[in-house]
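> Let the hints inform the model, and build the full structure from the sequences given.
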Amino acid sequence: MRTISFDGVIVGGGGAGMRAALQLAQSGYKTAVITKVFPTRSHTVSAQGGITCAIASADPQDDWRWHMYDTVKGSDYIGDQDAIEYMCSVGPEAIFELEHMGLPFSRTEEGRIYQRPFGGQSKNFGEGGQAARTCAAADRTGHALLHTLYQNNVKNETVFFNEWFAIDLVKNQDGAVTGVTAICIETGETVYVKSKATVFATGGAGRIYASTTNAHINTGDGMGMALRAGVPAQDMEMWQFHPTGIYGAGTLVTEGCRGEGGYLINKDGERFMERYAPNAKDLAGRDVVARSMVLEILEGRGCGPDGDHVKLKLDHLGEEVLESRLPGICELSRTFAHVDPVKEPIPVVPTCHYMMGGIPTNIHGQALTVDADGNDQVIPGLYACGEAACVSVHGANRLGGNSLLDLVVFGRASGIFIENALRDGIEMRDAGQSDIEQASQRLVALNERTDGENAADLRKELQNIMQNHFGVFRKGEFMQEGIKKLESLRGRIENVKCGDKSSAFNTARIECLELQNLFETAEATAIVAEARTESRGAHAREDFTERDDENWLCHSMYHRDGKRVGKRSVNFTPKTVDTFQPKIRTY
Amino acid sequence: MLQVSVYRYNPEVDSAPYMQDFQVDTQGKDVMVLDVLEMIKAEQDATVTYRRSCREGVCGSDGLNINGKNGLACITALSDTVKNDKLVIRPLPGLPVIRDLVVDMSLFLCAIRKDSAVFAKQHTRPSD
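Read top to bottom, the protein sequences are chains A and B. Read in the working numbering, the first sequence has 446 at position 446, and its numbers run on one by one without any break. Read in the working numbering, the second sequence has 19 at position 19, and its numbers run on one by one without any break.
It is possible that part of the hints are untrue.
What the hints assert, rightly or not - Where chain A lies over chain B, by a calculated footprint (3+ residues, C-beta under 8 Å):
hint: 1; segment: 10-21
hint: 2; segment: 53-63
hint: 3; segment: 83-89
hint: 4; segment: 96-105
Since the hints were made in silico from the structure, they are not lab data. Remember, predicted model here, so these are calculated numbers, not experimental data. All C-beta atoms, glycine included, are put in the ideal place defined by N, C-alpha and C.
As structure tokens, then:
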């Protein structure tokens with residue numbers, strides 16, 4: 001196996017990965033991005049609504065502390081307050097940087113960046129009504145962001161390994177991460193990519209569910225690699241079901257629709273969110289809205305012949321507003337729902353959308369584990385940013401628009417930290433031959449196997465288990481049943497048969513490797529979901545309906561070895577503002 | 001029953017490309033061309049190779065030549081393209097074929113790189 005060395009390697013070419021890459025490319029250190037798709041195909045491209053940030057464009061009085069309060073409350077109080085403080089305060093700097101890089105934001109008449117209202121956003125710490133804080137480029141903000149970052153990486157001559165798939169982490173005998181093994185999809189060659197700093201910006205894993213807004217590529221590759229290497233995963237039970245995925249297709253319809261004045265209706269045409277969230281109504285936190293929709297359906301007020309969805313009404317906004325501010329979703333609605341939102345409401349249903357959990361990190365992006373005494377311990381050589389990381393700025397529920405902000409703030413922060421670390425000098429023992437071989441073991445096994453089951457069938461089985469047992473509402477015994485089903489699926493997935501033995505651009509092989517990552521992510525989710533005996537944020541249980549701050553005002557930690565569930569403290573000590581104390585969370 | 005004809009070429013074993021025929025039962029549903037490819041790969045022939053990601057028409061991965069017209073497979077419904085129950089899927093024309101429906105985008109991307117670098121240079125300001 002050939003070795004290629006870098007000072008820094010970033011796995012993942014989406015928003016976070018490319019922002020980190022840009023930072024490092026500008027530093028002069030030898031860095032590379034490994035991405036399994038061409039960077040502009042990364043899932044960031046499909047983000048619609050915007051980047052939430054208190055740049056005080058729409059409202060000159062807007063304050064990042066209000067944004068911080070909203071985010072802490074939105075997280076149902078297990079977001080780390082020092083990290084949220086950092087993200088919200090540094091945010092405006094990051095946005096203006098993007099603007100200077102050429103991101104074509106939508107503009108107001110005066111030429112300022114357009115900001116729209118979004119879920120969970122308020123003025124004056126929840127007292128001053130709805131805030132318009134989400135900076136947008138029509139409803140294609142992620143597309144604009146990704147292409148802007150790609151163009152700037154090109155300008156800065158970032159080295160890209162496009163259509164290379166990382167297989168596993170390489171660790172030396174000290175337990176430090178020294179790089180990854182990766183396969184070139186085009187040729188089938190396997191390489192050891194050696195690096196002093198390995199950044200996982202591998203995105204989410206929505207494809208563990210049968211119905212998701214996510215792309216086919218969101219298969220939890222970072223989570224799989226991390227868990228197999230003994231890195232813990234944090235808050236994996238926290239999965240966001242976005243209120244408005246198109247019924248049937250799963251395609252996302254942005255919260256921005258509700259921000260522009262759209263609202264949800266049941267079969268009686270009633271704006272039911274007025275009952276569930278009298279103040280914020282349709283712009284309550286996404287977990288609150290998703291649950292309300294499911295309750296309406298369960299109580300018999302759903303739409304359609306099967307009464308299994310509700311509708312998003314937009315026609316009252318008028319054709320001009322729809323075509324200028326929400327052109328993307330107009331097209332999506334026509335293509336996938338066969339509905340023209342100018343005339344009729346769109347059928348929607350809560351759909352798996354975002355992984356709040358991930359690899360635990362500090363605000364510098366350094367990956368963490370906990371030692372025997374429960375203290376944080378940095379994992380040398382490994383970093384994470386974006387959806388794959390859990391800093392945690394989203395806690396038990398993410399606010400809309402905060403993900404794109406997370407990407408650029410922590411992509412940048414990781415880059416800055418690594419640059420400084422490289423300058424100070426990073427000493428690491430080389431990994432030995434057996435360390436490197438261990439990191440390509442599962443690929444070797446896959447290639448040698450002649451029997452086993454079809455990947456597509458196994459994947460469908462996995463997705464159905466997750467969809468049925470670990471959805472919007474959860475229940476102890478039902479989750480235990482799901483966990484047992486997953487247990488018996490593990491061996492079958494480990495022995496998946498690859499239906500294509502060739503070397504050149506073999507996507508069947510990649511799908512098998514991805515399936516194993518999906519499984520690790522799913523099992524971690526299932527086990528911690530069953531362990532957290534309370535309802536908080538997106539994790540809603542029929543058997544534990546209340547929040548239990550006495551026992552569960554903390555992160556969950558999952559270790560694959562022994563399938564152990566632990567707890568880790570939440571940070572309640574921001575540096576420049578007072579702690580936002582946990583309160584009952586209503587909208 | 002839908003008759004699907006897919007362009008095949010594996011550089012390791014084929015001296016020339018050829019069209020392979022499949023019969024796909026879409027159960028009367030007006031699915032997207034990408035869904036048909038997924039069905040073939042999952043149920044009939046795992047070696048059929050194509051790029052795809054977002055499945056909603058925003059990423060550009062699955063640009064293909066479908067019944068003679070270039071388009072994104074994930075937003076091309078069968079009703080938009082199928083004639084006489086026949087669907088012919090070929091790679092984007094004009095670019096070298098790496099395998100099956102996957103083309104080498106380097107030439108195309110090279111041009112974008114040059115333009116990107118120029119565009120980014122013209123429209124960025126030095127940091128304050």
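> Tell me, which hint numbers fail for this structure?
3
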